[in-house]
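Residue numbers (our numbering), protein chains in the order written: chain W, 340 to 594; chain A, -6 to 312.
For the record, the hints were derived by calculation from the structure and aren't laboratory data. You may find that some hints are simply not true.
What the hints assert, rightly or not - Which chain W residues face chain A? A few, computed with CB under 7 Å, are given here:
{"#": "1", "residue": "GLN403"}
{"#": "2", "residue": "SER407"}
{"#": "3", "residue": "THR411"}
{"#": "4", "residue": "HIS412"}
{"#": "5", "residue": "THR416"}
{"#": "6", "residue": "GLY418"}
{"#": "7", "residue": "GLN424"}
{"#": "8", "residue": "PHE429"}
{"#": "9", "residue": "HIS443"}
{"#": "10", "residue": "CYS444"}
{"#": "11", "residue": "VAL450"}
{"#": "12", "residue": "LEU451"}
{"#": "13", "residue": "LEU468"}
{"#": "14", "residue": "ARG510"}
All residues carry an ideal CB built from backbone N, CA and C; glycine is no exception.
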Amino acid sequence: MSLLSIKRLTKSFGGLTAVNNVSFDVEAGQIVGLIGPNGAGKTTVFNLITGIYRADQGEILFDQQPISRLPTHRTITLGIARTFQTIRLFQNLSVLENVLSGRHCRMKSGVLSSLFHTPGQRREERSALARVLQYLEFVGLREQVKQLAKNLSYGNQRLLEIARALATEPRLLILDEPAGGMNEQETSSLVSLIQKMRANGITILLIEHDMSLVMRVCENIVVLEYGSKIAEGSPEEIKQDPRVIEAYLGTEDEE
Amino acid sequence: MIERRNAIYIAVAIVLAIVPAFLNAYWVDVLNSIGIYAILALSLNIIVGHAGLFNLGHAAFYAIGAYTAAIMNTSFGIPVLWLLPLCAFTAGLFALIVARPIIHLRGDYLCIVTIGVGEIVRIALINNVFGITGGANGIFGIDRPTLFGLTIRSPYQFFYLIWIFAGITIFLFHLLEYSRFGRALNYLREDEVAAEGSGINIAHYKLACFVVGAAWAGMVGNIYAAKMTIISPESYSFWESVLMFTIVILGGSGSIPGVLLGAFLIIGLPEIFREFANARMLIFGAAMVVMMIFRTQGLLPSRPRTYDLTKVGAGEGSS
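Whenever a hint applies, use it, and build me the whole structure from the sequences.
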């Protein structure tokens, strides 16, 4: 049974069809890569899944449940978390509070219990803080807990986004170019982090331009070009697929 | 750090508690005005400072609270202080109704619409809407508040009523700042897309902060009505909204000590420099320009929240 199932998804912006009739499945426990040249519609697919855009046509099922009409925060609460291609942290807040934002949807205290700090509210805060420290430990940012997000290095900001996403307790984690701007050493620790998350039972869907990373971690790869799916398969199949090679390198007779 | 701040609060509270003994009624009344504006600005601070939503129509909520108290008291004889929850409710409900359709507007657009809301309320009051607001003359003959059988009458008595209410407000809003609710407002101020993408229902929190801020302003309206015993639409002009907004921005948006300092400066200084009253607008304007250039976060900017991580049990959060 697939965890995420995308069926004949179409989205256009004015005259431009950004995503055209795309279907693919993500099985629970897999690491799936979504690749394609710039402007192929990868991030649009992510924005459709998380409800930032509304699909013109098609359906998105998460755990058999249609989610394409849900507002973003509902989708997150159902168990899909994401990171952003351009880092979108709360720059002026501490590392701790950035991760706490992910805990928000798993907490319950409302206006009144927040105004009066009821015992239940205080207990909830303490356990949320404890969880946050675990996630920071997990991604390796425990030491930076008190710093402001904007003072972190670029690679660490990416890790913080992952920690914030993990704090929502996702079943599916969507990473939009997690290795963007990372050096080789940071990238290889990211690879082990991704594998560690999968070992913890999180299914991962990622966009990435670093092909060595994609080929190393993904079990299944979906290739988009001009909004349409042109190939799907294991890394080995994708490497040899003539249409993928053509999309990335161009063919000789084109010139 | 936290200890030092508490020490400052206690010191200020003690000074405030004894200072009326050394002041004449006029200056005590100035302190009463400062207190009223301080609470109003604190309630606006939830919306402007924490959630980053520009609201230049806060006087509307203040007016709703005052008129609720005045109408219910003069028509049905209900003691004014009993009406505090009702004033909070009507102002909050009004905020919910007017904010619902405009809440998705951003920055300046929201600001302009809130100015409109403020003006609509003021003009509706002048036009004696529903025949219950008394038109341009307003409503008079509102009862003095009574507390434990004591009728609060003199500026000295009002001083303690207002500043105890201010103290409660400061305490509760401080707790609110350190909570899931307070953080959610900061997240949406920092980055709406990221906040929604982290699972926060931003539309809900935008509305909720308007309702909380408005409810508090409604309660201040109640106390103001009881203090003046007569209220009229001109007390809720656009200028009042501007004053509250200026207090928040000048003092330090999102910062409780900053807003308190702002209230003392904006309301208190003009009283001290009465002889320069004509130049007041000029000095106000110049001060704002200087602030915007040199200290955009306000005189006492908000500090990052601190968390005591030593008390967090290691095993507590595991599941």
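We went through each hint and held it up to the structure:
1. GLN403: Violated - the Cβ of W/GLN403 stays beyond 7 Å from chain A, reaching only about 21 Å at its closest.
2. SER407: Violated, about 16 Å.
3. THR411: 4 Å, holds
4. HIS412: Constraint on W/HIS412 satisfied, holds at 5 Å.
5. THR416: 6 Å, holds
6. GLY418: Where the cut-off is 7 Å and the nearest Cβ of chain A is about 10 Å from W/GLY418, the hint is violated.
7. GLN424: At about 12 Å, which exceeds the 7 Å cut-off, the nearest Cβ of chain A leaves the hint on W/GLN424 violated.
8. PHE429: 4 Å, holds
9. HIS443: The hint holds - W/HIS443 has a Cβ within 7 Å of chain A, the shortest such distance being about 5 Å.
10. CYS444: Hint on W/CYS444: holds, closest Cβ of chain A at ~3 Å, below 7 Å.
11. VAL450: Hint on W/VAL450: holds, closest Cβ of chain A at ~6 Å, below 7 Å.
12. LEU451: Violated - the Cβ of W/LEU451 stays beyond 7 Å from chain A, reaching only about 9 Å at its closest.
13. LEU468: 5 Å, holds
14. ARG510: Status violated, d = 13 Å.
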